[in-house]
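Participant: The opening residue of the sequence shown carries number 44 in the working numbering; numbering runs sequentially from there.
Honestly, the hints are just simulated from the structure, not real lab data.
C-beta: ideal position from N, C-alpha, C; glycine also.
Treat the hints with caution; some may be incorrect.
To be verified - Within a straight-line C-alpha distance of at most 16 Å, the following computed EDC-like cross-link-like pairs (lysine to aspartate or glutamate) qualify:
| # | residue 1 | residue 2 |
| --- | --- | --- |
| 1 | Lys-88 | Glu-52 |
| 2 | Lys-251 | Glu-269 |
| 3 | Lys-165 | Glu-438 |
| 4 | Lys-165 | Glu-349 |
As the list claims (entries may be wrong) - Restraint-style ranges between C-beta atoms, simulated for each label pair:
| # | residue 1 | residue 2 | range |
| --- | --- | --- | --- |
| 5 | Gly-94 | Asn-246 | 31 to 37 Å |
| 6 | Ala-123 | Glu-52 | 47 to 53 Å |
| 7 | Asn-246 | Glu-206 | 33 to 39 Å |
| 8 | Glu-133 | Gly-94 | 16 to 22 Å |
| 9 | Ala-452 | Glu-224 | 24 to 30 Å |
| 10 | Val-228 | Pro-204 | 33 to 39 Å |
| 11 | Glu-133 | Val-77 | 22 to 28 Å |
| 12 | Asp-371 | Glu-206 | 22 to 28 Å |
| 13 | Ser-441 | Val-77 | 53 to 59 Å |
| 14 | Ala-404 | Arg-366 | 27 to 33 Å |
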Amino acid sequence: MDNFNKHLEQYAALAVEVGVNIQPGQPLWIAAPVAAAEFVREIAKHAYKTGAKYVHVDWNDDLVTRARLEHAAEESLSFAPAWNIAGRIELAEEGAAFLTIVSENPNALRGIDPARIALATKAQQQAAQPFRPYTLNNVCAWSIVAYPTQAWADKVFPELPEEERVAALWDAIFSATRAKESDPVRLWKAHAETLGTKAARLNERKYKELRYRAPGTDLTVGLPEEHIWSFAGKTNARGAEFIPNMPTEEVFGSPHRDRVNGTVSSSKPLSYGGKLIDNFSFTFKDGRIVDYTAEKEYETLKRLVETDEGSHYLGELALVPHRSPISDTNLIFYNTLFDENAACHLAIGFGFPFAVEGGSAMTKEQLAEKGINHSLTHVDFMIGRADLQIDGITEDGSAEPIFRDGNWAF
Numbered sequence: 044m045d046n047f048n049k050h051l052e053q054y055a056a057l058a059v060e061v062g063v064n065i066q067p068g069q070p071l072w073i074a075a076p077v078a079a080a081e082f083v084r085e086i087a088k089h090a091y092k093t094g095a096k097y098v099h100v101d102w103n104d105d106l107v108t109r110a111r112l113e114h115a116a117e118e119s120l121s122f123a124p125a126w127n128i129a130g131r132i133e134l135a136e137e138g139a140a141f142l143t144i145v146s147e148n149p150n151a152l153r154g155i156d157p158a159r160i161a162l163a164t165k166a167q168q169q170a171a172q173p174f175r176p177y178t179l180n181n182v183c184a185w186s187i188v189a190y191p192t193q194a195w196a197d198k199v200f201p202e203l204p205e206e207e208r209v210a211a212l213w214d215a216i217f218s219a220t221r222a223k224e225s226d227p228v229r230l231w232k233a234h235a236e237t238l239g240t241k242a243a244r245l246n247e248r249k250y251k252e253l254r255y256r257a258p259g260t261d262l263t264v265g266l267p268e269e270h271i272w273s274f275a276g277k278t279n280a281r282g283a284e285f286i287p288n289m290p291t292e293e294v295f296g297s298p299h300r301d302r303v304n305g306t307v308s309s310s311k312p313l314s315y316g317g318k319l320i321d322n323f324s325f326t327f328k329d330g331r332i333v334d335y336t337a338e339k340e341y342e343t344l345k346r347l348v349e350t351d352e353g354s355h356y357l358g359e360l361a362l363v364p365h366r367s368p369i370s371d372t373n374l375i376f377y378n379t380l381f382d383e384n385a386a387c388h389l390a391i392g393f394g395f396p397f398a399v400e401g402g403s404a405m406t407k408e409q410l411a412e413k414g415i416n417h418s419l420t421h422v423d424f425m426i427g428r429a430d431l432q433i434d435g436i437t438e439d440g441s442a443e444p445i446f447r448d449g450n451w452a453f
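Using the sequences and the hints given, assemble the complete structure.
Facilitator: Here it is, written out as structure tokens:
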């Protein structure tokens with residue numbers, strides 16, 4: 044067996060055994076692009092060998108999506124079939140795990156009216172609302188992994204000969220996910236433990252707010268009372284551990300919806316709705332975005348912010364060291380799964396119920412009282428850089444270093 048096939052098998056094994064951690068008799072739902080068919084087959088084979096009861100694949104395709112957005116009647120773009128979500132809920136009630144395979148094409152929707160994209164996206168988000176608690180509350184195991192395509196590789200490695208780009212992106216993905224190591228499952232468990240010690244320290248300190256300072260950034264982010272910092276490892280309702288994102292380098296939580304003030308600037312481009320938003324910033328007052336700028340794709344950014352009322356507020360703050368396996372590649376992946384794990388980031392949109400004590404059992408209204416934001420959307424954007432400083436502010440107003448020069452200070 045050549046190295047590529049060995050690494051591909053190990054990558055599939057990681058997705059099954061560590062990502063969603065399939066248990067004997069458990070169904071698996073895979074959402075994947077048609078371009079990833081080879082990888083999906085490898086995952087399905089490994090899932091069945093591990094004891095999966097049934098593997099369902101929900102296929103998608105960028106070109107089909109583009110055809111709809113380009114040619115369908117505008118009124119039809121607000122249609123999203125309920126049967127797809129009903130199927131997910133049916134399997135979720137049976138204890139299924141959910142694996143999403145992402146494959147970036149940053150230019151897939153180039154030239155499409157952002158208003159049409161926003162209309163279709165909002166309809167899909169609204170249709171998905173009944174299913175969201177199964178993942179947001181970690182009722183089911185869920186995970187996200189990536190598959191490279193030529194279009195994505197062309198964006199990441201334009202300096203390489205075209206025929207070498209996909210292989211280079213595969214190599215970067217295998218390295219970031221530890222799929223090239225001799226015992227990647229053991230390494231992932233050790234990595235999760237390391238992140239867990241950082242989260243435990245933050246949970247012990249119980250800061251009332253974090254202060255971010257960097258060129259173009261002067262931001263204060265308040266934290267909810269009884270907030271909880273999380274890390275890579277999660278446990279579902281049946282007691283099985285899983286890792287939602289592969290790769291992952293973050294320790295994260297949710298801010299208090301109404302206690303964010305100041306300005307923050309992006310450090311990497313944001314791929315959203317088939318467009319690349321670049322060199323953008325947000326200004327907040329009492330939690331709400333009151334101004335925003337973008338050098339590229341301002342209209343796309345505007346559509347994101349105006350998705351609903353909740354998309355004018357933050358739902359996540361995540362701490363990621365500037366020195367990390369992904370950041371050290373010095374690559375911009377133009378994909379949130381990877382770029383968010385190369386830099387500290389924030390997210391517009393809904394917050395996490397598990398980010399406050401007892402939150403997974405709370406209603407939407409109870410979570411709102413705790414300061415957890417509600418929205419149809421949740422979109423990460425990167426703010427981390429080598430000269431980012433973050434302080435934790437205690438109840439008595441004292442400042443304690445959390446990040447210095449882009450990296451952990453403890």
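Participant: Work down the list of hints and note, for each, if the structure agrees.
Facilitator: Now for the hints, and whether the structure bears them out:
no., hint, verdict
1, Lys-88 / Glu-52, "10 Å, holds"
2, Lys-251 / Glu-269, "10 Å, holds"
3, Lys-165 / Glu-438, "39 Å, violated"
4, Lys-165 / Glu-349, "11 Å, holds"
5, Gly-94 / Asn-246: 31 to 37 Å, "35 Å, holds"
6, Ala-123 / Glu-52: 47 to 53 Å, "36 Å, violated"
7, Asn-246 / Glu-206: 33 to 39 Å, "49 Å, violated"
8, Glu-133 / Gly-94: 16 to 22 Å, "20 Å, holds"
9, Ala-452 / Glu-224: 24 to 30 Å, "29 Å, holds"
10, Val-228 / Pro-204: 33 to 39 Å, "35 Å, holds"
11, Glu-133 / Val-77: 22 to 28 Å, "24 Å, holds"
12, Asp-371 / Glu-206: 22 to 28 Å, "26 Å, holds"
13, Ser-441 / Val-77: 53 to 59 Å, "55 Å, holds"
14, Ala-404 / Arg-366: 27 to 33 Å, "38 Å, violated"
In this structure, the hints that do not hold are numbers 3, 6, 7 and 14, in rising order.
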